[in-house]
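Peer 1: Assemble the complex: chain C is given as a structure, and chain P must be docked to it using the hints.
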Amino acid sequence: MLFNSFEFLLFFVIVTVLYFSLAQKFRWILLLAASYYFYMSWKAEYIVLLLFTTAVSYYMSILMENAENLKKRRFLLIISLIVNLGVLFFFKYFNFLNDTARDVLNTFSIDYQYEGLNILLPLGISFYTFQTIGYNLDVFYSVRKPERHFGIFALYVSFFPQLIAGPIERSQSLIPQFYEKHKINRTRIYQGLKLMLWGFFKKLVIADRLVPLVAEGFDNVNSYGGATILVSTFLFAIQLYADFSAYSEIAKGVAKILGYDLMDNFNHPFISKNITEFWRRWHISLSFWLRDYLYTPILFARKKWGKWAIVYALLITFLLVGIWHGTKITFVFLGLLQAFALIYEMFTKKWRQTIANKMPKFLYNGVSMAITFLYILYSFSFFRSNSLEDSILITQALFTSLFDINDLMVYISELDNIRFIFTISLTLLFLITDIWVFRQIKKENDTRFILYILYPLILGSILLFGYFGEVEFIYFKF
Amino acid sequence: MERTEIKDELNRVFRKVFEDDTIEIHNSTTAGDIDNWDSMTHLMLITEIENHFSLTIGGMDIMHLHNVGNLIDLIDKKLN
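So the protein lines, in turn, are chains C and P. Here our numbering is used: the first residue of the first sequence is 32, the next is one more, and so on. Here our numbering is used: the first residue of the second sequence is 524, the next is one more, and so on.
Next comes chain C alone, as it looks inside the complex (with noise of 0.2 Å):
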């Protein structure tokens, strides 16, 4: 079930006055149906892929500890991984590798005609399988020892508010909360519920209603040219950062309610003076994940190349991110021009200080963001374009036709002109505060002015402008 849907609020409230009315060595049971429940009311038989995925991961890990050497431990570790996926490579690479293949035997006259199969992405399995792998790999590094109760562990795998899409929390961090026992407190609740506020007003208000101007853009690129595309281009990135941090906010709130605490995962990133620091403000979850399992192992095995281990680390890394992404090639230029510039700002670290240092901090650091924010905003436009010829004529249009103005105006009129002065009125007003907002939020003594009217307009602007046709999270695909 969506967390922008009746159902789910009401399983929330159930599931919230049941935890409390429980006793602590009872709660864990009820969590862990809660979240097999939430996961199932997708697709009851994928609960076997999680399962499987959790048994696997639970009794590999035991054996890694027990293993009397590291070729044995190395082993059992990679058997893990293998399985783990194995499952999500099969469901997200399956069909286009079949599809592949069958172009290219076809090619040579080999007749090969299997259509592959009619699978579907299991929801948020890239995320539990992330979480766990991390998992995995910290106990293989004995930086853990594994979790002997199963119970606990299918909970930390599964736990409802992140299973589907993050934050992707590191086992020391959330499975000793697990064994905590939280009372009813109405400073967390309270917390938890300003969390859900704004995320629900990001979700349903900003990210929601952009949509259609979107599409509008990204679905007729051939009609289009620079100043629309770019238009286009900027409301997506407002409605990715939107709908994304909404669903991570959310997800926070409904822990924190239960006594939970996730980590953030994102820190207004457009205020970024470079992509290095993007990346730290950016689905930070998932940023320090691949840090920490992927690229720091990847860089230390190659570290006799000095700075070309860097290099290495970086262009393997966001391959990888950018694959992850799906099979379009144009995700896999999402991912290199990422590499790209934080091999660039590797490069020129120095330089750029040089540079700094020479002009007043508020013009560098000005310039800069505005540099970052484009680039970040070419790089977005990969990920929603349709296809590769689309992002070619993207590129064309934002490097040709840029100051092309007139068709500005026919994009605005297919949206009709009231609906799309409206819905960027909202989102600009959103960008303006969103960094304010939030400290607000995140205060746990709300002045009178906040507590009366703030938060009050925020719920009045959901009833009144939220879009409440349950539009899936885009993150969901992954």
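To be clear, the hints were calculated from the coordinates, so they are not data collected in a lab. Here the structure is a predicted model, which is why all the values come from computation and not from measurement. Possibly wrong hints are sitting among the right ones.
List of simulated lysine-lysine pairs, DSSO-like, C-alpha gap at most 27 Å [unchecked claim]:
| id | chain 1 | residue 1 | chain 2 | residue 2 |
| --- | --- | --- | --- | --- |
| 1 | P | Lys539 | C | Lys335 |
| 2 | C | Lys338 | C | Lys381 |
| 3 | C | Lys508 | C | Lys74 |
| 4 | C | Lys335 | P | Lys601 |
| 5 | C | Lys102 | C | Lys380 |
| 6 | C | Lys335 | P | Lys600 |
| 7 | C | Lys392 | C | Lys380 |
| 8 | C | Lys392 | C | Lys304 |
| 9 | C | Lys212 | C | Lys56 |
| 10 | P | Lys539 | C | Lys338 |
| 11 | P | Lys539 | C | Lys334 |
| 12 | C | Lys380 | P | Lys539 |
Peer 2: Then chain P, alone, in the frame of chain C:
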């Protein structure tokens, strides 16, 4: 080598790698506490430590290094 000796030698390595004579490391020092500590300098630091103390820091070791204290412990373990 005694732990305090290791710490002093390590401090010298830090000052060399980060080109800063004012650095004073403590057990709780992390990457966030020192300016310019990023992938590149982290790599340089590890390589310099390997050369200076004549030891090897491998993949299994890296995952345990969260602060300077962990680093000192690791060097201590490898030397003694």
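Peer 1: Evaluate each hint against the coordinates.
Peer 2: Status of each hint after checking the structure:
Our distance criterion of 27 Å between C-alpha atoms is met by Lys539 (chain P) and Lys335 (chain C), whose separation comes to about 19 Å. Straight-line distance between C-alpha atoms of Lys338 (chain C) and Lys381 (chain C) comes to about 14 Å, which keeps the hinted pair within the 27 Å bound. Using a Cα cut-off of 27 Å, the hinted pair Lys508 (chain C) and Lys74 (chain C) holds, with the two alpha carbons roughly 14 Å apart. For the hint pairing Lys335 (chain C) with Lys601 (chain P), the CA-to-CA distance comes to about 20 Å; that is within 27 Å, so the pair holds.
Taking the CA atoms of Lys102 (chain C) and Lys380 (chain C), the gap is near 40 Å; set against the 27 Å cutoff, the hint is violated. Taken as a hint, the Lys335 (chain C) and Lys600 (chain P) pair is honoured in the structure, with Cα atoms around 23 Å apart against an allowance of 27 Å. Simply put, Lys392 (chain C) and Lys380 (chain C) have alpha-carbon atoms about 16 Å apart, close enough for the 27 Å limit, and the pair holds. The hinted pair formed by Lys392 (chain C) and Lys304 (chain C) meets the criterion: a straight-line CA distance of about 12 Å does not exceed 27 Å.
Using a Cα cut-off of 27 Å, the hinted pair Lys212 (chain C) and Lys56 (chain C) holds, with the two alpha carbons roughly 9 Å apart. Annotation: proposed proximity of Lys539 (chain P) to Lys338 (chain C) holds, straight-line Cα distance about 18 Å (limit 27 Å). Pair hint Lys539 (chain P) plus Lys334 (chain C) holds up; C-alpha atoms about 19 Å apart against a cutoff of 27 Å. Taking the CA atoms of Lys380 (chain C) and Lys539 (chain P), the gap is about 19 Å. The hint holds against a cut of 27 Å.
When each numbered hint is compared with the structure, a violation occurs for hint 5 only.
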